[in-house]
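Peer 1: Assemble the whole structure, with the sequences as input and the hints as a guide.
There are 2 protein chains.
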Amino acid sequence: MIAKTPKPPYYAVIFSNLRTEKNEGYLEMAERMEELATKQAGYLGHESVRDGLGITISYWESLDAIQAWKMNAEHLAAQSLGREKWYKAFKTRIALVERDYGFEL
Amino acid sequence: MIAKTPKPPYYAVIFSNLRTEKNEGYLEMAERMEELATKQAGYLGHESVRDGLGITISYWESLDAIQAWKMNAEHLAAQSLGREKWYKAFKTRIALVERDYGFEL
Numbered sequence: 001m002i003a004k005t006p007k008p009p010y011y012a013v014i015f016s017n018l019r020t021e022k023n024e025g026y027l028e029m030a031e032r033m034e035e036l037a038t039k040q041a042g043y044l045g046h047e048s049v050r051d052g053l054g055i056t057i058s059y060w061e062s063l064d065a066i067q068a069w070k071m072n073a074e075h076l077a078a079q080s081l082g083r084e085k086w087y088k089a090f091k092t093r094i095a096l097v098e099r100d101y102g103f104e105l
Numbered sequence: 001m002i003a004k005t006p007k008p009p010y011y012a013v014i015f016s017n018l019r020t021e022k023n024e025g026y027l028e029m030a031e032r033m034e035e036l037a038t039k040q041a042g043y044l045g046h047e048s049v050r051d052g053l054g055i056t057i058s059y060w061e062s063l064d065a066i067q068a069w070k071m072n073a074e075h076l077a078a079q080s081l082g083r084e085k086w087y088k089a090f091k092t093r094i095a096l097v098e099r100d101y102g103f104e105l
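Top to bottom, those sequences are chains A and B.
Going letter by letter, the first sequence gives residues 1 to 105 in UniProt numbering.
Going letter by letter, the second sequence gives residues 1 to 105 in UniProt numbering.
Incorrect hints may have been included.
Label pairs and their computed distance ranges (CB to CB) [said to hold, decoys possible]:
| id | chain 1 | residue 1 | chain 2 | residue 2 | range |
| --- | --- | --- | --- | --- | --- |
| 1 | B | T20 | A | Q67 | 17 to 25 Å |
| 2 | B | K39 | A | G25 | 18 to 26 Å |
| 3 | B | L36 | A | K85 | 33 to 41 Å |
| 4 | B | A77 | A | E31 | 39 to 47 Å |
| 5 | A | E21 | B | Y101 | 23 to 31 Å |
| 6 | A | S80 | B | E31 | 27 to 35 Å |
| 7 | A | K85 | B | D64 | 36 to 44 Å |
| 8 | B | S62 | A | L27 | 35 to 43 Å |
Simulated from the structure, these hints should not be mistaken for lab results.
Where is the CB? At the ideal position from N, CA and C, for every residue including glycine.
Peer 2: The structure is reproduced here in structure tokens:
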């Protein structure tokens, strides 16, 4: 559940979002995008939670990998539907992870 | 719900965590830490969601502000209890937000 990322530096794409009431096609698309993202070059992992507010963070080797995923044709179509139908607000933040620490029991 | 952050660059502290079954004192402490964090110098906002996996992201002006918050005496006590009782795993990532975009209806 907590992504197993390599030692920093690497990149995070933080996607914070609020959904509309429109559910048509959403879950299928979310699953498809997850499947597709994990196959992209430079993909390192992701974490996703929703409870009203949704936060999905994906981790990437480089800005180039993030850019390639953003411009993936199927993903572009999904982004377009997201803006039109599924999200009433979102913020995407591209961030360089400089340091991390933690523990696991 | 989505934090209103200024134009990048600024910092994000991504705290991804899994809770234990122990709830004693947790909610009160979480609320107190939220209240305290928002009063820290350099605090810019935060977003928090839990659905099994918990993700809390706080946004800060600088690494110095993050360090000061990390070393806050009350926060240190909370971190210690968190490691002992409340979290069975966590990962904290310190990241420089370089770019952001989004929309709000």
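Peer 1: Does each hint hold? Answer for all of them.
Peer 2: Hint check:
Between B/T20 and A/Q67 the Cβ separation comes to about 39 Å, which falls outside the hinted range of 17 to 25 Å. Distance hint check for B/K39 and A/G25: the Cβ-Cβ separation is about 43 Å, which falls outside the suggested range of 18 to 26 Å. Roughly 39 Å separates the CB atoms of B/L36 and A/K85, a value that falls within the hinted 33 to 41 Å. Taken as a hint, the range 39 to 47 Å holds for the pair B/A77 and A/E31, whose Cβ atoms sit roughly 42 Å apart.
Distance hint check for A/E21 and B/Y101: the Cβ-Cβ separation is about 24 Å, which falls inside the suggested range of 23 to 31 Å. Distance hint check: the CB atoms of A/S80 and B/E31 are about 39 Å apart, inconsistent with the given range 27 to 35 Å. Take A/K85 and B/D64: their Cβ atoms lie about 42 Å apart, and the range 36 to 44 Å holds. Between B/S62 and A/L27 the Cβ separation comes to about 40 Å, which falls inside the hinted range of 35 to 43 Å.
Figure legend: structure checked against the earlier numbered hints; hints not met, in rising order: 1, 2 and 6.
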